[in-house]
Amino acid sequence: MSDVLLQSLITGITIGSAYALVGLGFAIIFNVSDVVNFAQGEFVMVGAMSAVSLLAVGTPFVLALFLALIVVVCIGLILEKFAIEPAKSATVVSTIIITIGASIFLRGLALLIWGKDFHSLPAFSGETPIHLGSATITPQSLWVMGITAILVYLVHLFFNRTITGKALLACSANPIAASLIGIPVKRMMLFAYGLSALLGGAAGVLIAPIAFTSYDAGMMLGLKGFAAAILGGLGNPMGAVAGGVLLGVLESLGAGLISSGYKDAIAFVILLLVLFFKPQGFFGRAGEERV
Amino acid sequence: MDLFLETQNLTKTFGGVAAIFNLSFATRKGSVYSVIGPNGAGKTTLFNLLTGIYKPTSGAIRFAGSSIVGQPPHKISRLGISRTFQTPQIFLNMTVLENTLVGCHSHGTSGFFSAAISSPQSRREAARLKEQAMENLRFCGLDHLAQRDSDALPYGELKRLEVARALSTKPKLLLMDEPAAGLNDSETSKMGELIQGIQKLGISVMLVEHNMALVMAVSDELLVLNYGEYLAEGTPEQIQKNQKVIDAYLGMGDENDDLFD
Amino acid sequence: MKRSLKALVAGFALLCSVNVAQAADIKIGTFLAVTGPASFLGDPELKTLQMYVDKINSEGGVIGKKLKLIHYDTGANPKKAVNFAKRLIKKDRVDVIVGASTSGTTMAVIPIVQKAKIPFISMAGSVKIIEPVKKWVFKTPHTDKMAARKIFLDMNKRGIKKVGLISGSGGFGKSGRSQVLALASEYGLTITADESYGKKDTDMTAQLSKIRATNPDAILNFGFGSGPAIVTKNVRQLGIKLPIYQSHGVASKKYIKLAGSAAEGVRLPAASLLVASKLPGSHPQKKVIQAYKSSFEAKHGPVSTFGGHAYDALYLAVEAIKRAGTVNKAKVRDEIEKTKNFLGAGGIFNMSKRDHLGLGLDAFKMLEIKNGDWSIVE
Amino acid sequence: MNRYRGFFVLALIIIIAPIIFPDSYFVTVVGVTIALNALVAVGLNLLMGYTGQISLGHAAFFGIGAYSSGLLTTMFSWNPWFALLMGLLVTWLVAEIIARPILRLKGHYLAMATLGFGIIINILMVQPTHITGGPDGLSDIPVLNILGWDIDSDIRWYIVANGALLLGVWLALNLINSRIGLALRAVHGSEVGAQMMGVDIERIKIRIFVVSALFAAFAGSLFAHQQAFISPDSFSFHFSIELVVMVVLGGMASNYGPIFGAAVLTMLPETLVVFEDYEVLILGAIMMGIMIFLPQGLWVGLSQKIKPLFLNKATSSVESVGG
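These protein sequences, in sequence, are chains Z, G, B and C. All residue numbers for the first sequence refer to numbering that gives the first Met the number 0, where the first residue is 0 and numbers rise by one. All residue numbers for the second sequence refer to numbering that gives the first Met the number 0, where the first residue is 0 and numbers rise by one. All residue numbers for the third sequence refer to numbering that gives the first Met the number 0, where the first residue is 0 and numbers rise by one. All residue numbers for the fourth sequence refer to numbering that gives the first Met the number 0, where the first residue is 0 and numbers rise by one.
Worth flagging that the hints you see were computed from the coordinates, not collected in a lab. Nothing here was measured: the structure is a model prediction, and the numbers come from that model. Some hints could be false.
Chain B residues, not near chain C, derived (Cβ > 12 angstroms throughout) [what the hints assert, rightly or not]: (1) V52; (2) K65; (3) A192; (4) L241; (5) K252; (6) L278; (7) K330; (8) G359.
In silico SDA-like pairs for lysine to any residue, Cα to Cα no more than 25 angstroms straight-line [as the list claims (entries may be wrong)]: (9) B/K240 x Z/T127; (10) G/K243 x G/T43; (11) B/K256 x Z/V61.
C-beta: ideal position from N, C-alpha, C; glycine also.
Input sequences plus hints: build the corresponding full structure.
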C-alpha cells in the first residue's frame, strides 16, 4: 500500500503543478480585474496545440515551445482587448458568460484549425522512468514540477520586487486610487491577461507529453484551475498554487486509496467542506465585512 | 422617563485594535439622543453593534429591558430598532414605494406558498401594507415619487426615502447615521423637521451627525466619543461648555466639525 | 416588447418554411457525434457516409433514385439526439436512419424510432441496443460482449488466470466493464482489481499502482478516447511488465501514435479492416475491406474501424432497399432483418429475428501491436 | 390586471403557434424542449435575477427530478405522479440541506460551490451503475397519464410542457410581486439594508434556493417522461452553464427574459446545424457579443433599444404641437 501512496503523491504533485499554473493565472486576472476568466483552460490547450503544429512543420523543439507561448500570450492579449475591455461595466455574472463564450469560441477555433484528433508532444528528455523504491517518476514529471516551481518563484519575485508587479497588486486593491497615482490600469489589465495566458500556455506544453491534448482539453483543466484558485482563496496567487497542488494530490490519493470512480467527487466534496468551514479559502482574507 | 437602550462596558476590537472600548451609556424613551465625535471615533461601529451587524467583543447591550447581544440584525429590527445608513443602502433595483414596502416586511405574514398562488389573504395583506407604506412616504414628503425608480432619485430624497423605509418597520427606536451628510442647507433643515416629527410620533431617535447646528437643535442629550471611548455625556448646553470635549475637538485641527457654529 | 414578440413569431415562420425537399430522393437520415467527446467516432463515420452516398449516386443511385444524406451533429448529447431524431422523422421525413455514434445517443432515440416505425441502424457498441431485440433497431459494430469473449479466449490460451481491470467511466467503458465482470468466471478468470478513470483524466498511475498491488497476470483496459493511450504509457512507466489487453475501442492508428513505444505488445480484438493487407487472399472480406480502406485513405488519411461501421450500416440499408424495391419502411425493415452473408467491413453479417447484429465471434481478429503496426495473432 | 399582461401574451403565443404551424418540428418538438428549459430558467431567475445568488449547479436538481421519476417508475413501478411528488420531496431535502452552508458564500465562491455540487451529483448518476444504469442511462420510462389521457405524442407534450411553463410563470409572477418577492429583491439590492428591514436573509435565501430547485426538479420529472430515456450527459455541468446563459442572455430580473433566453439558446443549435463545424465558434461569438453589447440581456436590452424609437417619435410630435 505504501507504494500506491508514494505513486499517488508523485502523480498528484505532477498534475497538481499544472492545476497550480492554471490557478495562478486565474488569481492574477482576478486580482487585477475581479474577473474569473473561464477561458483560462483554453490557454492551456492553445499552448499545447500550437507547439504540436510548430513541431510538425519542422521547427526546432525549444523554438517551437517558445513560439507556442508567444501565440498563447497573443490570444490572451486579444481576449482582454476585444472581449473584456469593451465590457468594462459588466457584472460578475455577465463577465462569467463572456469568458465562457470566449472559451467556447476558442474551442471552436481550435476545432477548425487542428481538427478533432488527440495530439501529443514528445517528452522533453526521454521517457525512461526513474525508480524510487517501487514507485517511478518520469523525467517529464520532473520537468513539470521543476518548471512550475521556477515559474511560481518568478511570479512571486515579480509581485514583490518589481515596480510593475507592485503596480499590478495596487490595481487590485483599489483601481481608482491606482489610476490616480499614475498607474496605467488599462495597460496593467492587458499585462495581467498576457501573464496568465503565458502561465496557461506553459502548463499546456509541460503537460501535453503526459496527458495528450485535443481541441476540447481545456475545459476540464480550466475547471480544476478555478477550483485551485478558490481553494487557495481567490486573489491570492500563492494560495492558488498551493490549492492546485493540493487538489492534484487529493484527486490522485482519492483514486489510489479510496475509489477511482469517485475521485473527482472526493476532490469536490473536500473543496465544498473547505468552503463551508473556511468560506474565504485556505489563504483568503477573512474577517468581518465592514459596512 | 425610563431607560430604553443601554450598554455596559461595550467593547469591539478589529484585529487587536479597539474601535469601541468599554463604553457605557443609556438613552431615555422618547428622546433624541445624539452621538458625536471626531471622524474615526467609532460612531458607525457603535450603530453596527447596536443593530447586530457586528457582534461585540465583550460587554452588554440591553433594549427595553432585555439583552440583544448576539441577536441577528433582522431579529433586532423586529424588536423595534431600525436604522438609516451613512451611505444609503437603498434597494436601487426597486421603486420608491417598493423600497418602503420592504420596510413593512415584518408586518406581513403571508409566506412563499400563499404569495405564489396569490391567495386572497396575501392580496388583502399586500393592500394593507401598501397603505402603510404610502402613509410613511407621505410623512417624509415622498408620496408624489412613489412610482419612481429609486436609482433616479436625487441624494436628498434618497436620504428621506431611507427614513420612510425605516419608519415602515414601525420602530420604537430609530438609529440615524449622518442623515444630513451631503445635504444642502434647506434639505438639512427639512431633515431636522423630519427628526422632530419622528420624535412627536413617540419614536425615540439616536443620531450620529457631524452637522452641529442640527445636532444641537434636535437633541435632548449628547454622547461624545473619542477614539471609541466615552468622553462626555449631557445636554447640548452642558456639552458645549465641557472642557474635555473642547480639547478633543481642538486637538483634531480646524478641518473638523466646528462645535460652536 | 411587442416588437420582439413579433420578431419571434416571424422567426418561427421562417424556420418552419424551409421545409422543402425533393420527394423523389431516398432520404437517409443520420445524427452523429461529429464534435464533442466522441468525435473520433462521429468524424470518420460521417466522412464515410458522405463518401459512399456520393459514390452510389454517381453510379446511378438505388432503385432509380438518388440518395440524399441529412446529418445533424449531436456532440454525443442524448438530449440533442432525441430532438434530431424527431427532426429527421418529422421534418425531413427520412426513409431510414443510420447513425448515432454512441450508445447513449442510441438508447435515447430507441423509443422514438420504435414509435415512428422507421428502420434504424446504429453504429454504437453496447450490447444493450440489440439485447433484447427491438423490432426497428439494428446495429453494425461488434458488441462489447463479443470483445470481452474474444479477449478471454486469448487469455485462456496464454494461461492468464488473474486480470486487473481498468475502464473509462464513459458509456463504452462502463458497459464493457459490466460485460467483463459478468463473463469472467465463465472463462475461469478472476478479476483482481476494478478501477476506472474519467473522460478527461490526464494520469492513471495511481489506479495502476493499485492494480499492480493485487498481482494480476494481465491488465485489461476497456475505454476509448485518449484514456487507453495514457493507461498504456502509464503501465510501462511504472515498470509493469504484464501483458496489456485493450478493447476494440482503440482500433485506430491514432492509438499507436499516441501511446508510442509503450503500445508494443498490446493485444486487442478488432475487425479485419485494420489488417486488410495482411489478410490471406482467400479471406472472403478481403476485397470489400481493401476497397473501403483505399478509398477512405485516399481522401481522409488512416482508416479506423469506426468508419467501417458506417459503411456497413449504409450498405445494409441500401441493399435492403434494393431487395425491397421500395422505400416502404416496413418492407425495408423486413429486408434488413433478412440480411444473409453480407460482406461488410466489420465482418460477415447474418441477421435474424433474434439477432439484429448478425456477427459472430469470428468477425473479430485478435491483433497485437508490433513495430508500430497491427499484426494478427493466430 | 397589469402584472398579468405579459403572461397573457405568452399564453397567446403558446396557443397560437401550433395552430398556425400544425405538426411543425420547430413548434411541437423544439417547443417542448424550450418550455422545459424555460421552466428551469424561470426558477433559476428567481434565485439569480431577483435575489442575486448565482448557481452553476442547477442541472443537478433537474437531474434529481428526472432520476427520481425514472428510477421509481422503472425499478419500482410507481405511479408517475407519485414518483414526481417524490422527486420534488427529495429535491426539497437535498436543496434544504446544502442551501444552508452554500448560501453563506458569495460571488465566485458561491459559483464554485454550486458548480462542485453539480459535478458531485453528476458523478453519483454515473458511478452506481447497478442503480442508475450508469452512463448508458435508464430506458423505458413509462408514459405520463393525465386523467386517463396518455401523454404520448408531440402535440400532447407540447400542451403539457407549456402548461407547466405557464403555471411556473404564474407562480413566479405572483411571488415576485408579493411581500416575499420584495424581500428577495431587497436582498439583491443591499443585504444589510434588507436585514435592517427585518428580512431574515439567510432563511429567505434558503427558501428561494429550494423553490428554484423545485422548479428545476419538476421540469426534470417531465423531461424524463417526455424522453422516455435519461442519462447523466443530460444533467452535466454543461447544462448548468447553459441554464445560466439562458437566464443572463435573456435578461435577469425580468420574468420573460429567461423564457426568451431559453427559446434563443434552444433554437440556436437547431439553426446553427447548417454551419457544421463552425457551429461552436458562432455560438461562442454570439454569447460574447450579446454580453458585451447588451449586458442586461436580449430581452431588457432590445426593449430598451427599441423603446427610444417610439419615445422619440412621441416627444417630437408633442414638441411640434407645442411649437
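Taking the hints in turn, this is what the structure says about them:
For B/V52, the condition that its CB be more than 12 angstroms from all CB atoms of chain C holds, with the nearest at approximately 16 angstroms. In this structure B/K65 is separated from chain C by more than 12 angstroms, as the shortest Cβ-Cβ distance comes to about 21 angstroms. Every C-beta of chain C lies more than 12 angstroms from that of B/A192, the closest at about 16 angstroms, which supports listing it as non-interface. Every Cβ of chain C is farther than 12 angstroms from the Cβ of B/L241; the closest lies at roughly 26 angstroms, confirming the non-interface assignment.
At roughly 22 angstroms from the closest C-beta of chain C, the C-beta of B/K252 stays outside 12 angstroms, upholding its exclusion from the interface. In this structure B/L278 is separated from chain C by more than 12 angstroms, as the shortest Cβ-Cβ distance comes to about 34 angstroms. Interface exclusion of B/K330 from chain C stands, the closest Cβ pair being 25 angstroms apart, more than 12 angstroms. Remark: the non-interface label on B/G359 is consistent with the geometry, its nearest Cβ contact in chain C lying 24 angstroms away (cut-off 12 angstroms).
Under the criterion of a C-alpha separation no larger than 25 angstroms, the hint pairing B/K240 with Z/T127 is consistent with the structure, at around 14 angstroms. At roughly 22 angstroms between alpha-carbon atoms, G/K243 and G/T43 fall within 25 angstroms of each other, so this suggested pair holds. Restraint check: the Cα-Cα separation between B/K256 and Z/V61 comes to about 22 angstroms, which is no more than 25 angstroms; the hinted pair holds.
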